[in-house]
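S.K.: Please work from the sequences and hints to get the whole structure.
As a plain string of letters, each chain reads:
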Amino acid sequence: MVNSIDLDLLIVGSGLAGLRAAIQAAKTSSIIKIGVISKLQVMRSHSVSAEGGTAAVLYPEEGDSLESHAYDTVKGSDFLGDQDVIERLVREMPSEVYQLEHWGMPWSRREDGRIGQRAFGGYSFNRATFAQDKVGFYEMQTLYDTCQKFDNIEFYNEWFVTSIIHDGQKFCGITAIEMSSGNFYTIKGKALIIATGGAGRVYSFSTYALASTPDGLDMAYRAGMALKDMEFVQFHPTGILPSGILITEGARGEGGYLLNKNNERFMKKYAPSKLELASRDVVSRAMMTEINEGRGYKHETGVDCLKLDLTHLGKEVLTKKLPAIREISLKFSGIDPINEPIDVRPVCHYMMGGIHTNIDGATEIQGIWAAGEAACNSVHGANRLGANSTAECLVWGKITGDLAAKYILDGKSQPPFPLHLVATEEKRIYDGIFRGSGSANPYEVRQQLTEIMNSKAYVFRNETDLVDGLKQVRELHKKTWRHVTDKAKEYNTNFTNVMELDSMFRVAEVILLGAIKRKESRGAHARTDYPDRDDKNFMHHTLVYYDTKEPVLKTHPVTITKYQPVERKY
Amino acid sequence: MATVSVPKSSEETTTQPSTITLRIKRSNPSESTEKTFSEFQVPVQKWTTVLEAILYVKQNLDHSVGVRYSCRQASCGSCGMKINGKPALACYTKLSELGTSIVTVEPMNNFPIIRDLAVNFEQLISNHKKIKPFIVREDSEITPGTKEFIQKPEDLEKFLQFSYCIKCGLCNSACPTMATDTSFLGPQALAQAFRYTADNRDQGKDERLKIVDDSHGIWRCHFAGSCSHVCPKGVDPAMAIQLLRGYLLGFRK
Amino acid sequence: MAERLSNREGIKGMANPTRYGIERVAYWLQRLSGLGLLAYLIGHIYETSSIVNGKIAWDKMLALTQTTEGHLILTIVIGMCVFHTGNGIRVMLGHGGVGVGRPGQPEYPYKAASLNYKQRLCIWVSIALAALAMMYGYSILMGE
Amino acid sequence: MRESIIMKIHYGTALGAVVLVAVHILMRLSQKYSDSLQYQNVLANYHFLPYALMLEVVLILLSVHGFNGLRVILLELKQGATYERAINYGSIAAMAALVAYGSRTILMAGMGVS
Ligand SMILES: Cc1cc2nc3c(=O)[nH]c(=O)nc-3n(C[C@H](O)[C@H](O)[C@H](O)COP(=O)(O)OP(=O)(O)OC[C@H]3O[C@@H](n4cnc5c(N)ncnc54)[C@H](O)[C@@H]3O)c2cc1C
Ligand code: HEM
Ligand code: SF4
Ligand code: F3S
Ligand code: FES
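Protein chains in written order, with the numbering used here: chain A, 405 to 974; chain B, 884 to 1136; chain C, 10 to 153; chain D, 16 to 129.
Derived by calculation from the structure, the hints in this document are not laboratory data. Incorrect hints may have been included.
Unchecked claim - Straight-line distance between alpha carbons at most 25 Å, and here's what the computed BS3-like set of lysine-lysine pairs gives:
#1 C:K64 x B:K908
#2 A:K883 x A:K953
#3 A:K921 x A:K893
#4 A:K923 x A:K958
#5 A:K431 x B:K1012
#6 B:K1093 x D:K93
#7 B:K1093 x A:K553
#8 D:K23 x B:K1093
#9 A:K724 x C:K120
#10 A:K883 x A:K923
#11 A:K724 x B:K1041
#12 C:K21 x B:K969
#13 A:K725 x B:K1030
#14 A:K711 x B:K977
#15 A:K702 x B:K929
#16 A:K893 x B:K918
#17 B:K1035 x B:K1015
#18 D:K47 x C:K64
#19 A:K940 x A:K592
#20 B:K969 x B:K929
#21 A:K891 x B:K908
#22 B:K908 x A:K893
#23 B:K1136 x B:K1041
#24 A:K437 x A:K574
#25 B:K977 x C:K120
#26 A:K431 x B:K1030
#27 B:K1088 x B:K1013
#28 B:K1035 x A:K719
#29 A:K437 x B:K969
#30 A:K553 x B:K977
#31 B:K1136 x D:K23
#32 B:K1013 x A:K431
#33 B:K1041 x A:K719
#34 B:K1030 x A:K553
#35 C:K127 x B:K1041
#36 A:K923 x A:K940
#37 B:K1088 x B:K1136
#38 B:K1041 x B:K1015
#39 B:K1041 x C:K120
#40 A:K702 x B:K977
M.R.: This is the structure:
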């Protein structure tokens, strides 16, 4: 017998997107039952790690404009972003910042008490709204705390969702494991918002939380929804060694320099006007070129790196505006940035791609929306600008929360629940994984998989590497790692770790397939064998659908409103 | 062609790793209620954290270790546990700074154990909810054209430090009242009650004071200071609680 | 079972002051001395009640308490009383929010402002005063 | 009663006690310590009305403070509605009993026997 729970709105994932959606839905209606389901404790989602800022136009009187924010984003996206979606983002953002402020967000302030903003890569105005360098943390806290106001939001802490159930057209429910007890549940609902975040842990050197695996993407993918533009993976220029923890772009926004072995600010060669504050893909490529041409440092661990110099900013700026950077650097690398430059190297940081949605965040299945990093409404195109992601989470959290609540209130008829799918899923995870057998250590397999991704689909890519990477991933997939040695029910993270690995394989494959197919260099996807952007053949989005045999690739047009593609220079 | 070097996993690095003995307290409610220790040998380097050591065990020696973690950078609050007898974040404690060759990790006190090092947070979560941790005022929902409530940097300073709280529960684990009082609100919740009360945008002071002025509320804090002693984020709940009590005693307005 | 795994530290947690600095020791001493003083108060009231039964009863009671052990106990009571009073005043002021530091942006590595030197000084002064008072009291008691 | 009122009483009684206990102890030192405990001297104290009144006040303050302190400790040790009610009423009863017993001494010593 499967345990079953009945709710109206299910929100899977409790990052910024999930929580913003929950609040909006609860505001829209106080009678619908909302469940926020997360494999972590709700307040511990990866969003707490976001550091630098949230982009919004707050000071038009000082020269900023929605136009400018939109154009910076379009240009940042290397013209692959859907322009109607981008316009919506920039239009909705200012009020989101004020709304968060009204809910208690401790934004850093100007002397006159108004909200502070700082410079960020790729922007032509200082519009990264900040709260010290813990923006995501404070936003999560504000949303989590504001959720406590509403009695119709229920949190399901540490429930691992395994699949999405629909009848081919309409959403019906999900299956999930309550981790503390190990019980398997069906949760029925009328609408679903997928907000499971990014999947950067498919790379071994990554800024992401250890829980950022692609289970949510994979769930949607297996349920027949397309994954879009997955080949675009953002590598942030400054991951600190050896941990890969992020040093925010805010550090360069406040005036930090990148230096090579010859103590040279090499960015003046690559982006003479914006220097260190060019968009992330540009800076990361410049750094890898420096390293590949032998002008990097060797870190103690044997890894190549460059230096990020903040010493000239002085103690005051570092302790007041970048306290977390100093803390991270002191704690995890033993370096005080007040006195010494930090060792950094490009690091996997963001997935531009995700579940294919339209401008409203709606997926191809009725009653299912996706928001946040898990979704791809194409706001970031081929490269996201810093500070635009938390913004996206807020805006589409709000939009989808509102639409889903209204959809439920409309009371559309529900299809009969396809119980057989629950049985199939139960068989897949319990017979296929929990009771599976094999000899390979799944954790070693996971390490190998992520290292393949790091070496074959990193900042610079080429056909040979990518094809080889795909081959290696598929061979690795065939090994017998689908077994769980821990047989207990309670809090069996061995079991969930293996399920995460299972999803990593499918999504890694999608990333590689998309990257092989896209024979051009655009945004974060830089092919050494096709160094130029090719608008004639590749001005489109990549869609990948699941199939039991071989994934199916399709394309999807890009929406252009005002801004015609031109060459992108910083 | 661009070649990309990959950061190596810890074993292959240049510095010679030494090893420590990691003792993990185990308990699994479905098998037996007995609490026992398992011992493992773990290679360490100067920056190896306790969390990394535990994950090394989980990945290579015993997959069944139950431990909660996520961000590995002291922002999410998952990995609180007792390390060599004191509550601390595993991802924020380096083995090298402990300076012992045997490191003992146990689940946090004053929380029910789910399994091994993972504990149940229901009480912390519901106590946090009880103290109305949000801005209480009528116009907290914006309308078109709304701008921000003005908040000077010095107004911000009055509560900012208390909003550093990552809800890790270490303070509740260290507090002597929490050790025996199952109904105590606890330093985490009380500090948040002050955080919102001290915010110049908030108007919920009276409501919140009523909530904490209970037989298991703020008065069960005796300023033992242990909460602040272990807080990894500099929140200083002990200060927050005394300042909040200042309102009740009429020392503050 | 649930009870077994509740993992509350129990009275041990209240009683184990060593891990968390002097403030925790002060907390524990305040408690012990409070209880000790209460016990003494009850005893003292019982002791003095003998006065209503006339001189003989009073002298008998006095003889019972004016022993070496009695003086030792009284010395401890003096210590407890002084510490409890001194520390009690610190705690009371602290509870009112006096001398517990001001909120401000903490700097890594974090040091809690409420565990400041003023507080620590007060605790040590209370302990020192208690010790002095005990010595003085002992000398008077024994000096007879 | 609201907990804040109880605790204000707790602090108030403590503050009151500081002064009065000091007086009480200093009385022992105003003469030779052992003399201060002589039957006649003690009785004289009780006959001196202001001092007897002060003793009464000290008695009340300390009983209230002490038993409330005990109540607090017990309340933190174990929880449960019945238990807590028992503790609350128990400590009031104990306070009253101690005050009654101590007052008896003060009253009788002050009025009668000489
Ligand atoms: C280090 C770092 C710094 C960043 N800084 C910035 C910045 O300064 N500005 C900016 O705009 N952006 C920044 N970003 C990007 C931004 O933080 C993220 O894109 C954003 O937080 C994603 O939020 P989310 O709500 O989509 O998902 P997340 O916060 O990632 O949450 C995912 C949720 O899904 C849940 N989940 C996943 N799988 C399952 C499952 N199987 N079952 C149940 N639940 C599941 C998780 O428990 C979690 O609650 C940063 C990112 C990183 C890595
Ligand atoms: C004379 C000066 C005294 C002062 C200034 C004083 C002050 C205090 C203070 C501030 C507390 C702490 C309350 C808290 O932490 O919440 C306390 C507790 C206590 N006091 Fe006193 N007190 C004094 C005398 C006494 C005496 C004479 C007795 C004995 C009858 C006594 C018994 C107690 C008890 C039992 C406690 C509870 C301990 C605890 O909660 O930790 N006190 N006192
Ligand atoms: S106050 Fe400090 S110790 Fe307590 S939960 Fe918050 S961060 Fe953790
Ligand atoms: S440890 Fe506990 S007693 Fe008070 S000062 Fe902190 S809450
Ligand atoms: S893993 Fe997030 S705080 Fe340690």
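S.K.: Run every hint past the structure and note whether it holds.
M.R.: Going through the hints against the structure:
1. With a CA separation close to 65 Å, the supplied pair C:K64 and B:K908 exceeds the 25 Å bound.
2. Restraint check for A:K883 and A:K953: the C-alpha separation of about 18 Å stays at or below 25 Å, so the hint holds.
3. Between A:K921 and A:K893 the CA atoms are separated by roughly 43 Å; this puts the pair beyond 25 Å, and the hint is violated.
4. At roughly 15 Å between alpha-carbon atoms, A:K923 and A:K958 fall within 25 Å of each other, so this suggested pair holds.
5. A threshold of 25 Å between alpha carbons decides the hint, and for A:K431 with B:K1012 the separation of about 18 Å falls inside it, so the pair holds.
6. Proposed proximity of B:K1093 and D:K93 is supported: the alpha carbons are some 23 Å apart, at most 25 Å.
7. A distance of roughly 17 Å separates the Cα atoms of B:K1093 and A:K553; the hinted pair therefore holds under the 25 Å criterion.
8. This hinted pair checks out: D:K23 and B:K1093 have alpha carbons roughly 15 Å apart, not beyond 25 Å.
9. Simply put, A:K724 and C:K120 have alpha-carbon atoms about 16 Å apart, close enough for the 25 Å limit, and the pair holds.
10. The suggested pairing of A:K883 with A:K923 is violated, with an alpha-carbon distance near 31 Å, which exceeds 25 Å.
11. Pair hint A:K724 plus B:K1041 holds up; C-alpha atoms about 15 Å apart against a cutoff of 25 Å.
12. Our distance criterion of 25 Å between C-alpha atoms is met by C:K21 and B:K969, whose separation comes to about 14 Å.
13. Using a Cα cut-off of 25 Å, the hinted pair A:K725 and B:K1030 holds, with the two alpha carbons roughly 24 Å apart.
14. For a cut-off of 25 Å, the pair hint linking A:K711 to B:K977 stands: about 24 Å separates their Cα positions.
15. At most 25 Å may separate the alpha-carbon atoms for a hinted pair to count; A:K702 and B:K929 meet this at roughly 17 Å.
16. Pair hint A:K893 plus B:K918 holds up; C-alpha atoms about 17 Å apart against a cutoff of 25 Å.
17. Only pairs whose Cα atoms come within 25 Å are accepted, and B:K1035 paired with B:K1015 is accepted, the gap being roughly 24 Å.
18. For the proposed pair D:K47 and C:K64, the alpha carbon gap of about 19 Å is at most 25 Å, so the pair holds.
19. A hinted pair counts as satisfied when its Cα atoms are at most 25 Å apart, and A:K940 with A:K592 does not qualify at roughly 46 Å.
20. Taken as a hint, the B:K969 and B:K929 pair is honoured in the structure, with Cα atoms around 21 Å apart against an allowance of 25 Å.
21. Annotation: proposed proximity of A:K891 to B:K908 holds, straight-line Cα distance about 19 Å (limit 25 Å).
22. Between B:K908 and A:K893 the alpha-carbon distance is near 18 Å, which keeps this suggested pair within the 25 Å criterion.
23. With a C-alpha separation of about 14 Å, the suggested pair B:K1136 and B:K1041 falls inside the 25 Å cut-off, and the hint holds.
24. Between A:K437 and A:K574, the direct Cα distance comes to roughly 19 Å. Compliance with the 25 Å bound is thereby established for this hinted pair.
25. Distance check on the hinted pair: B:K977 and C:K120 sit about 18 Å apart at the alpha-carbon level, within 25 Å; holds.
26. Distance hint between A:K431 and B:K1030 is fulfilled; the C-alpha atoms sit about 20 Å from each other, no more than 25 Å.
27. Simply put, B:K1088 and B:K1013 have alpha-carbon atoms about 14 Å apart, close enough for the 25 Å limit, and the pair holds.
28. Only pairs whose Cα atoms come within 25 Å are accepted, and B:K1035 paired with A:K719 is accepted, the gap being roughly 23 Å.
29. Distance check on the hinted pair: A:K437 and B:K969 sit about 41 Å apart at the alpha-carbon level, beyond 25 Å; violated.
30. For the hint pairing A:K553 with B:K977, the CA-to-CA distance comes to about 38 Å; that exceeds 25 Å, so the pair is violated.
31. Of the pairs offered as hints, the one joining B:K1136 and D:K23 holds, with about 17 Å between alpha carbons and a cut-off of 25 Å not exceeded.
32. With a C-alpha separation of about 20 Å, the suggested pairing of B:K1013 with A:K431 holds against the 25 Å cut-off.
33. In summary, the hint linking B:K1041 to A:K719 is supported, as the alpha carbons are separated by about 22 Å, within the 25 Å threshold.
34. Taking the CA atoms of B:K1030 and A:K553, the gap is near 22 Å; set against the 25 Å cutoff, the hint holds.
35. Straight-line distance between C-alpha atoms of C:K127 and B:K1041 comes to about 21 Å, which keeps the hinted pair within the 25 Å bound.
36. The straight-line distance between the Cα atoms of A:K923 and A:K940 is roughly 12 Å, inside the 25 Å bound, and the hint therefore holds.
37. Taking the CA atoms of B:K1088 and B:K1136, the gap is near 10 Å; set against the 25 Å cutoff, the hint holds.
38. Between B:K1041 and B:K1015, the direct Cα distance comes to roughly 19 Å. Compliance with the 25 Å bound is thereby established for this hinted pair.
39. A hinted pair counts as satisfied when its Cα atoms are at most 25 Å apart, and B:K1041 with C:K120 qualifies at roughly 17 Å.
40. A C-alpha spacing of about 23 Å is found between A:K702 and B:K977, which places the hinted pair at or below 25 Å, so the restraint holds.
In the structure shown, a violation is registered for the earlier hints numbered 1, 3, 10, 19, 29, 30, in ascending order.
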